[in-house]
Amino acid sequence: MARRKKQLPETTAIIELDNVTKVYQTGSPALNGVSISIERGEFVFIVGDSGSGKSTLIKLLLRELTATSGTVRVMGTDLARLRHRKIPKFRRNLGVVFQDFRLLKDRNVYENVAFAQRIVETPNYEIKKNVPSILATVGLAGKYKAKPKQLSGGEQQRVALARALVNNPTILLADEPTGNLDPKNSWEIMKLLEEINDMGTTVVVVTHNREIVNAMQKRVITMKKGVVVSDEEMGVYIDEED
Amino acid sequence: MKKINTFFYCIGQGIKSIFRNKLFSLASIATIAACLFLFGLFYSIVMNFQHIVKTAEEGVSVTVFFNEGTSEERMREIESIINERDEVRETNFVSADEAWESFRGIYLEGYEDGFTENPIPNSANIEIYLSDVSLQSSLVTYLESIPDVRTVRRSEVTATTLTGVNVLIGYVSIGIIGILLAVSIFLISNTVTIGISVRKEEISIMKYVGATDFFVRSPFVIEGMLIGLVGALIPLGIIKFLYEYLIAYIAERFTAISGLLNFLSTQEIFKDLVPVSLGIGVGIGFLGSITTVRKHLRV
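Chains P and B are the protein sequences, given in the same order.
If you count the first sequence from 1, position 183 lands on 200 in the numbering used here, and the numbers rise without skipping.
If you count the second sequence from 1, position 101 lands on 139 in the numbering used here, and the numbers rise without skipping.
Any given hint could be a false lead.
Said to hold, decoys possible - Simulated restraints on C-beta separations: (1) P:H225 with B:V221: 47 to 53 Å; (2) B:F224 with P:A153: 47 to 53 Å; (3) P:T38 with B:V236: 34 to 40 Å; (4) B:I53 with P:K145: 18 to 24 Å.
Unchecked claim - Computed footprint of chain B on chain P; a stretch qualifies when at least three of its residues, placed anywhere within it, have a C-beta under 8 Å from a C-beta of chain B: (5) 105-119; (6) 136-149.
Keep in mind the hints are simulated off the structure, nothing from the lab.
Computed from a predicted model, the values in this text were never measured in an experiment.
Here a beta-carbon is modelled for each residue, glycine too, at the ideal position from N, C-alpha and C.
Here chain P stands alone, though its shape is the one from the complex:
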């Protein structure tokens, strides 16, 4: 994978949550005093059952939500101070992959990936070089004309991954990337994520997939009811009853 590493200023943590609490208008806190620090180039799993606060965490990192209290810093930016009009530029440094792929259904594979480049005003001649290259990287070289509904779940997730990577992001956030995939496709996606991480991109994966978490021997942050209950290097998936 011939991808260029981004030169970032030397900071201690690329993602930093300091005593973060998020309370929705109704109900108990989705996150309660969470503190996490992720270094540049790390590969981190965030695991936990439904309602543990994983999705809220991803939304905070994307600046879709703001914390009720505490500080969320991503690439040195305090997200609470980020103005609405600055959010798009901030998000261009993040690649995002979702469980339900979130592809533009009426556009083909090429256009879905090229879209991310058009947003950052990449010239057409560069888009024509970059998109086929990234599609080849994720194993979809021959499928650039296909519409999302003509692809399998695994292929759609690869397109989403290609879109997330084409702008060479600093951080890749994957929210249940294997949630809709069979074991074979799940492993292939995880291998791709590992390769991306090897290129220097910080990868944060929210997942339920015990087998993958246990096999990959990465840092695992376990959440339960809005609180971090465990944070271990080369960790394993901890069950609720454990």
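With chain P fixed as given, assemble chain B onto it according to the hints.
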């Protein structure tokens, strides 16, 4: 250069989007076209009605006759004084000889040889055409107060009826055009809103990838404006065709009344109808899309 690329990309996406969402585009165009067709149809009818009444008004005149012995100079002087009044559109001085000539031509054709002198020497008069027929009674009061004026002839019933009809048409047309406009605006903006709301996922994807509000909004706005433009052009075309056909048909089939029915030309009708229809179509397409997309931009 980058900005120009983005600009053309947004326009291209707006156009492509119309074809990608064929059903929504067709529904929106049909709604806009139906609303604006009704609006245009009623507008054409009302404008012609007003025009016909106005033409009838222009034919209403007041005639002033003078006391015996009033000189023609004095009559001309009175005519010029009357002519300066606001309610007067036009005056026409008819001398006693001209009046007799006209009378003879109409009523005594073949028998006029028995008259050697003008038998109606006091028939010199001034025909006065009004700019606004509702001002007839105030003008008559004024005319009757002028020394040397013997009598003033006018048709009170015609003037009152025309004034009444004109006022009625004015109120009814304002009411109906207002209702049609309100219904059109409501229906069109609703269609645009629904069409965009079903694509809110598309908007959220764009936002997650890092698109600016402008980048997300532009194709929708262009799409909305184009739909509005097409939706406005279709009824204008249909109305133009129908209008010209109907005028020709009436003129050909109803020759007896075609002299009474003085229709406005297509150009006169379209002079205001085209900008208003295009304004409503394109304007609502623009405003509807911009406000609806804004609701979904907070991602």
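Which earlier hints can't be squared with this structure?
-> Violated: none.
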